[in-house]
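Whenever a hint applies, use it, and build me the whole structure from the sequences.
Each chain, letter by letter, is given below.
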Amino acid sequence: MNLPSSKPANPGMSKDESGAISLEVLILEVAELLVAVRARKVIRLQSFEPELLHTAEPDRLPGLIGFLGWHDTTFPLLNLATLLDLPAQSGQQVLVVERNGQQVGFLVQNIQQIERMSLKDVRLLPVLIEENRLKPVVWAFWERQTDQILSLIDLLACLDEAGWQQLEELHKSVSPVQGYQVV
Amino acid sequence: MSENEDILSLVRDRNLEQGQLTGTRHEAKVRLLVFRLGGEWYAFEAQQVLEISRLIDITRVPLTPSHIMGVVNLRGDVTAVVDIRRVLGLPQSSLSEAARIIVTINEGLQAGILAESVIEMIEAPRSALQPPLLTVDSDRARYASSILQQKDDRLIIILNLPTLLNTLKI
Chain P
1 MNLPSSKPAN
11 PGMSKDESGA
21 ISLEVLILEV
31 AELLVAVRAR
41 KVIRLQSFEP
51 ELLHTAEPDR
61 LPGLIGFLGW
71 HDTTFPLLNL
81 ATLLDLPAQS
91 GQQVLVVERN
101 GQQVGFLVQN
111 IQQIERMSLK
121 DVRLLPVLIE
131 ENRLKPVVWA
141 FWERQTDQIL
151 SLIDLLACLD
161 EAGWQQLEEL
171 HKSVSPVQGY
181 QVV
Chain S
1 MSENEDILSL
11 VRDRNLEQGQ
21 LTGTRHEAKV
31 RLLVFRLGGE
41 WYAFEAQQVL
51 EISRLIDITR
61 VPLTPSHIMG
71 VVNLRGDVTA
81 VVDIRRVLGL
91 PQSSLSEAAR
101 IIVTINEGLQ
111 AGILAESVIE
121 MIEAPRSALQ
131 PPLLTVDSDR
141 ARYASSILQQ
151 KDDRLIIILN
161 LPTLLNTLKI
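Chain order of the listed sequences is P and S.
Just so you know, my numbering puts 21 at position 21 of the first sequence, and the rest follows in order with no gaps.
Just so you know, my numbering puts 167 at position 167 of the second sequence, and the rest follows in order with no gaps.
It should be emphasised that the hints constitute simulated quantities derived from the structure, not laboratory data.
What you were told as hints is all true, and nothing was included just to trick you.
Okay, the calculated beta carbon distance ranges per label pair:
1. P:Q92 with S:Q92: 30 to 38 Å
2. P:D121 with S:P65: 20 to 28 Å
3. S:E123 with P:P62: 49 to 57 Å
4. P:R116 with S:G39: 47 to 55 Å
5. S:P91 with P:G101: 46 to 54 Å
6. P:S14 with S:E97: 39 to 47 Å
The calculated DSS-like cross-link candidates involving lysine-lysine, where the alpha carbons are at most 30 Å apart (straight line), are:
7. P:K135 with P:K172
8. P:K135 with P:K120
9. S:K169 with P:K135
10. P:K120 with S:K169
11. S:K29 with S:K151
12. P:K135 with P:K41
Which residues of chain S face chain P? A few of them, derived with a C-beta cut under 8 Å, are:
13. T59
14. L63
15. V78
16. V82
17. L109
18. A111
C-beta: ideal position from N, C-alpha, C; glycine also.
Structural data, given as structure tokens:
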């Protein structure tokens, strides 16, 4: 599926004619599980091209696949299935988000669609989920029109601060000078 | 002595046999929902049960412990579904068509509890409930409020829902 490679025009909240607030979300498939993320921080969707992947460091940080070339730079690529503690997947698409001005890619099975999610369809986490979750990645649920429940996930919560720092250091170590070398 | 005492005596005897002693208060009874887990019989008090649902459309939730099976949508209420077999130290056998979610509520906390099958709703005198000590394995005793010995020697463990839910929250 070819998806737009530019930042969505209206990624934030909006109101419809009745005044109901809605958000733009991306529906992703990760290890056979559908989840949704807010489009706000997504800057690009692209196909996964393994030939652009270099310096794979799979054992250095859980979830790290390697560093992916993009024009004259690189960005870390993380396997979202691993980060969500789901079975291994063969991803085909990459969701690129921004964190502190840096690009980070998440490999997913596929990106299904972009939808508007009405705020009235957002459900808080049940206490048993909120108090048991291992990381604050799932932050709410979305009850779709079909009565289907999707987890709303915060991609940037997949790693804690120490994890992000480790990733940054790894990135620097593979690309010690500005303008990372792309193989 | 009343001239009708002979008749009254017979009636009293009959009522005693039926457990309906005239002139005394009816004994408090408790309604229990009996279900199977790991080859054993368990029950919740019926007042703690909101509904019983089929085991369909459970949405897995990433990054939760293995005893959290996921969430279900019950008419707009997102409810967590929990497999308590691990907590109770029971084997994790595969689930059949008979498996159900027992939706419970305690102090506003709603939770779906997995049952391998739901057997029946029974009514028992409260006096028939015995403390679980010495008769139930210690793992189970921790979460049992009482036990009920049936006439067919079946032992039903009545679970202490507040204790169970507090354990599951941690």
